[in-house]
Structures are given as C-alpha cells and as structure tokens.
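Sequence order for the protein chains is A and B. Residues in the first sequence are numbered consecutively from 0, following numbering that gives the first Met the number 0. Residues in the second sequence are numbered consecutively from 0, following numbering that gives the first Met the number 0.
Incorrect hints may appear among the rest.
Below, simulated DSBU-like cross-link-like pairs (lysine-lysine); rule was C-alpha separation at most 30 Å, straight line [stated by the list, open to error]:
| id | chain 1 | residue 1 | chain 2 | residue 2 |
| --- | --- | --- | --- | --- |
| 1 | B | Lys125 | B | Lys71 |
| 2 | B | Lys74 | B | Lys243 |
| 3 | B | Lys243 | A | Lys304 |
| 4 | B | Lys182 | A | Lys211 |
| 5 | B | Lys182 | B | Lys20 |
| 6 | B | Lys35 | B | Lys182 |
| 7 | B | Lys243 | A | Lys211 |
| 8 | A | Lys228 | A | Lys211 |
| 9 | B | Lys33 | A | Lys265 |
| 10 | A | Lys211 | B | Lys74 |
| 11 | B | Lys35 | B | Lys71 |
| 12 | B | Lys181 | B | Lys70 |
| 13 | B | Lys33 | A | Lys304 |
| 14 | A | Lys211 | B | Lys71 |
| 15 | B | Lys20 | B | Lys181 |
| 16 | B | Lys243 | A | Lys265 |
| 17 | B | Lys20 | A | Lys211 |
| 18 | B | Lys243 | B | Lys71 |
| 19 | B | Lys243 | A | Lys228 |
| 20 | B | Lys181 | B | Lys214 |
| 21 | A | Lys228 | A | Lys151 |
| 22 | A | Lys62 | B | Lys35 |
| 23 | B | Lys35 | B | Lys5 |
| 24 | B | Lys214 | A | Lys151 |
| 25 | B | Lys109 | B | Lys74 |
| 26 | B | Lys70 | B | Lys33 |
| 27 | B | Lys20 | A | Lys151 |
| 28 | B | Lys103 | A | Lys211 |
| 29 | A | Lys151 | B | Lys125 |
| 30 | B | Lys74 | B | Lys125 |
| 31 | A | Lys228 | B | Lys217 |
| 32 | B | Lys181 | B | Lys109 |
| 33 | A | Lys276 | A | Lys131 |
| 34 | A | Lys228 | B | Lys214 |
| 35 | A | Lys228 | A | Lys30 |
| 36 | B | Lys214 | B | Lys33 |
| 37 | B | Lys125 | B | Lys109 |
| 38 | A | Lys151 | B | Lys243 |
To be clear, the hints were calculated from the coordinates, so they are not data collected in a lab.
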Amino acid sequence: MKIIRPLLPLLSLVAAEIVAIAIPDSPLHQKAAHPYFAVLLLIVTAVYYIAAILNDRISKNKKEVKEHPIFYRAPFIAGTILFGNLLNIFTAKTALFPVLYFPSLDRVFGTLIEDRALIFKCIGFSLGILAKGVLGGLFVGFFTGLAVGFSKTAEYWINPIIRILGPIPSTAWIPILLVVFTEARSASAFIIGISVWFPTVVLTSSGIANVKNSYFEVSSTLGAGTLYKIFHIGVPAAMPSIFLGLFNGICGSFVALMTAEMIGAKYGIGWYVNWQKEMMAYANVYAGLIVIAVMFYLIITLLFKVRDRVLGWQKGVIKW
Amino acid sequence: MVGSIKFENVRKTFITLEGEKVNALNGVDLEIEKGKFVCLIGPSGCGKSTMLRLLAGLDTPTEGTVYLSDKKITKAGSDRGLVFQAHNLFPWLNIYDNIAFGLKARGLFKQRHDDVSSYMELVGLKGFERSFPHQLSGGMCQRASLARALIGHPQALLLDEPLGALDAFTRMNMQDELLRIKKEQDMTMIMVTHDVDEAVYLADMIVVMTPRPAKIEKIINVGLSQPRDRNNPEFIRLRSQILKILDFAGKEQSPEYNI
C-alpha cells in the first residue's frame, strides 16, 4: 500500500484517459468541440503532483512538523478521478443515464471555457451582490445581536421580531421588495442580507448570553466601564459563536443568491443557472453549479483562515 | 492606600427559583483594621462568599451597609481587587494582556505600562508574557490572576478560595507567595477558605462562621508572628479550637496502645 499510494492518482488517470480516448462516444450525445474532460484530468493530476512535491519541499526547508505525509491526498484525488471516469462511462460512453439531464462531461467543462466571458461577468455581478448583502446583513446582525444579548429592553422588543422574520423563506419577500426598492440589485442584496442577518443575530446574542458571568464580574472589579465590557469581554468571548453564525449565514447567502437573482437581474451566476434551466441546457446548468460550488469553497476557505487567526486562542491545549 | 473595612448590621436575602426566601447573611457586624490579613472560614452556606461579594460590590446588601475606608460600597470598582477560585483569566488574551487589562480599561496603560512587567515578575511569571492561559498550569494561572488584581493598587484584595483548586504542594507554595506579596505591597487582604490550616497559617484574624442561620460565630485573633511553624503548639491549639467551633473535631478516641 505504501508504494502504491503515490501512484494511485496516476493509475486512476490512465484508466480514465483510456476510457475517454479509446471508447467512442454514444451517438445519442451531442459532440463537444474538444476533449475537455480528458485534458482537465491531465491538468488536475499534474497540478496535484507538483503541489504535493512543492509543499513537501517547502515544509522541509522550513523544518516544520508536517501534519500529513507527502501524498496524503493521493487516494482522494484518485477517487475523484475514478468518480469522473464512472460518470463519463455512464453518460457520454454508454448513454445509460437520461441524455437530456446528464450531458457529457466534455460539454459541461466545455461550457466553462466556451461561455467564459458571460460566466465571468456573472461571477463579478454575483460577488457584488453577495458582498453588499453579506456585509450589510453581518453588520446589522452583529449589532442587533449585541443589543439583544446585553439589553433586556432590546431583548423584549427585538426577540419576537427575530422569531417572526427569521423563518420567512426568501422568495416570500419578493413582492414587498419590488415595491420598496426601485433598483433590482438592492432588492437582491436585501434578500441575501436577510439570510445572513438571521443566523448572525441568533448566534451573536446567544453567544453573549453564554459568556461566563464571572468574566464580567472580574472586569468590573478591574475598573472596566459598560462599553469596555461589551467590546472587550462580551464580543471576544462570544466570537466563536459569532463565527458560527457567520458560517451559517454565508451558506444561507448562497442559497438565497438563486432567489435574489430571480428579480430583475441581467447577470449573475444564480440568474445564469435559472436561465439555462429554463432553456433545458443542462450542460450549462451544471457548469453554473460548478462555478457556485467553487466560489463557495473559496469564500469558506478564506473565512476559515480568518477564523484561525482571530480565534487562535481556542486552539492548542498544550500544557506544561 | 490601605483600606479598612466595616460591615454594619448587614443582612442579605436571596429569593430562590421556587420563590423561597433564603437568608444568606444574618445581621453581620465586623470591623477589619487596615493592613490586616483576615480569613473567613466555615462550611458552605455560612455566607462567607456572600460577604466577599458584598465587599466587591457585585451584590448589594438587603439591609445594612458595607464600608471601605468609611465610604459606603455601592458598586464594583478597582479599589477592591478580586480573585476567584477559578482563575477566570480571559482565554482570548495572553498573560501580558490579561494582567494589563485593568490598566487598559481605566486608560492608565500608557503611563503605567512598565508596571505590567514588574507585576509579572512579582508573581514569578516573567517569560510567559505571550503564553495563553490554557498553556499554563493552574498555579501559574492563579498567579497571573493575582497580578491582574494587584496591578490596580487596590485598597483591599478579596480572595474567594483562590487556592482551592490547586494541589497541596502548589497550595503551600502559594500561601508563602501571598504572605510575601502582602509584605511587599501593604494592603488589606480578605480570604475565604475551607482550609483551617491555611487560615491559621496566613491570617491575623480568623472569622469563623456557621450556617443556618448564616452568621459570625467567633472572631479569633492570631497572636503568632510570621513566618509561622505549622507544628508550633499554639498553631495546633488554634487549629483544634476552630475545628471544635465548626464541630469537626471528631470523636475523642482512646489511644490504641500505651507507651
């Protein structure tokens, strides 16, 4: 197993390439302009080997203690390639899956290349709305959460509102928003904002409510005033919970993106998927979904990095 | 400045979740001269922690008044330092920032930031500035929380079983540390404890309390000079006297054999 492990992706790749090149496509499938899938697999495998070896070099130079051995991800990459290979067999090669709903992988990946100008424009547009909505929802949610967490009066008045507004599905907002907002983009951002706002409020306020009371007591005997206690005890102590809210909020924002871009959008990745679905162009739908997944993955990875930095104190329970 | 403390007919009543009234403190009168080391001792439910919380200003008495240097205590303030049994260091701050917290909160950090290092040295934590609380042992954390309370120059230091969570050796070590710190920084220290030995070892004055009704049973002035010998006959006599008051002296046993 030890010797085979580094070779697994290569073996899986060879198998997939043989299938892709040697077996002819089923005549039921529309032909793609280029063998995109085969090329993509080559690129993925090459990138993986280069990255794994480079990573190993770098950590050796830095004399770091490595978390995982080199080629730790090899079985995973091999498995992913195998999955692609099977999909390729069931779609393009044998047409075992319904042809309309399961287009060939060549066409799905081909869309990403051939339609890239429009897709890029859509990504830019969606990121704009997402940024506006997420930041707005986060900002409002954080401060509402603080108010509810610290003030009994705010809790009395705001908590019922949260419980009523929170579970309303984002589509239900559309009629009201069309009246309130003159600009479609603002309405879209609002839908995303609300989906971020809800988990942020709930988890910020519950985070604050769960801060050990003795922290507040100690800080009072150290001479801290109310504001100082809120921002130097309450907020940092509730930070793990606030981040949890933010994670939930960002997940929700991607779900809401689809809805948000149903109203009067001219571009946007959610709009793109909706539009292509109506045209029954499922290769394009899948391509759009891949773009959304990658965007989501990158944003969440970034957020994890921020969290590790801010919540560094939570990690590591080394005692001496 | 060293503070004197006075309890004047202090009564504290809590209402439990079931709506019952519980007397946590029943008309307590107590005067503590400035610069004394006072131990409050007694079984749980005798109101000793309540007294400390009233002193800290975290609770207000139902009746009566508590004074610090003849000034009525109404709320928590930096003139009374407080150390709990759990160290309660802020886990998101490193040791340096934990100790500097009070100075920063009061806007004194700029002019007094050198104090942080000297207080770290006072409690023997030099070199651990950048460590986080979870990386240190219980004893070290308790030292840090002591430094955090001391840095604001409180008139009185309130200690709520500060050594309760430590192992026996660390505990004895910390008792000597407390005495050393008290000598270096003149202040009134009031400590709640369950440990009779600890009380006799440290205190100038021992306040023995009993529960139901929660009140002061006896005040004992310890005549021994510091440093104290735990095997001194007077030490042992005081200890058995307190145990007797608390009804923990045990049955008198006949010796198993005679010499």
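Results for each hint:
no.: 1; hint: B:Lys125 / B:Lys71; verdict: 38 Å, violated
no.: 2; hint: B:Lys74 / B:Lys243; verdict: 37 Å, violated
no.: 3; hint: B:Lys243 / A:Lys304; verdict: 61 Å, violated
no.: 4; hint: B:Lys182 / A:Lys211; verdict: 33 Å, violated
no.: 5; hint: B:Lys182 / B:Lys20; verdict: 42 Å, violated
no.: 6; hint: B:Lys35 / B:Lys182; verdict: 11 Å, holds
no.: 7; hint: B:Lys243 / A:Lys211; verdict: 38 Å, violated
no.: 8; hint: A:Lys228 / A:Lys211; verdict: 13 Å, holds
no.: 9; hint: B:Lys33 / A:Lys265; verdict: 77 Å, violated
no.: 10; hint: A:Lys211 / B:Lys74; verdict: 19 Å, holds
no.: 11; hint: B:Lys35 / B:Lys71; verdict: 20 Å, holds
no.: 12; hint: B:Lys181 / B:Lys70; verdict: 23 Å, holds
no.: 13; hint: B:Lys33 / A:Lys304; verdict: 53 Å, violated
no.: 14; hint: A:Lys211 / B:Lys71; verdict: 28 Å, holds
no.: 15; hint: B:Lys20 / B:Lys181; verdict: 39 Å, violated
no.: 16; hint: B:Lys243 / A:Lys265; verdict: 87 Å, violated
no.: 17; hint: B:Lys20 / A:Lys211; verdict: 26 Å, holds
no.: 18; hint: B:Lys243 / B:Lys71; verdict: 35 Å, violated
no.: 19; hint: B:Lys243 / A:Lys228; verdict: 45 Å, violated
no.: 20; hint: B:Lys181 / B:Lys214; verdict: 28 Å, holds
no.: 21; hint: A:Lys228 / A:Lys151; verdict: 16 Å, holds
no.: 22; hint: A:Lys62 / B:Lys35; verdict: 56 Å, violated
no.: 23; hint: B:Lys35 / B:Lys5; verdict: 13 Å, holds
no.: 24; hint: B:Lys214 / A:Lys151; verdict: 35 Å, violated
no.: 25; hint: B:Lys109 / B:Lys74; verdict: 26 Å, holds
no.: 26; hint: B:Lys70 / B:Lys33; verdict: 14 Å, holds
no.: 27; hint: B:Lys20 / A:Lys151; verdict: 25 Å, holds
no.: 28; hint: B:Lys103 / A:Lys211; verdict: 21 Å, holds
no.: 29; hint: A:Lys151 / B:Lys125; verdict: 43 Å, violated
no.: 30; hint: B:Lys74 / B:Lys125; verdict: 33 Å, violated
no.: 31; hint: A:Lys228 / B:Lys217; verdict: 39 Å, violated
no.: 32; hint: B:Lys181 / B:Lys109; verdict: 26 Å, holds
no.: 33; hint: A:Lys276 / A:Lys131; verdict: 26 Å, holds
no.: 34; hint: A:Lys228 / B:Lys214; verdict: 34 Å, violated
no.: 35; hint: A:Lys228 / A:Lys30; verdict: 66 Å, violated
no.: 36; hint: B:Lys214 / B:Lys33; verdict: 23 Å, holds
no.: 37; hint: B:Lys125 / B:Lys109; verdict: 20 Å, holds
no.: 38; hint: A:Lys151 / B:Lys243; verdict: 48 Å, violated
Checked against the numbered hints above, the structure breaks hints 1, 2, 3, 4, 5, 7, 9, 13, 15, 16, 18, 19, 22, 24, 29, 30, 31, 34, 35 and 38 and satisfies the rest.
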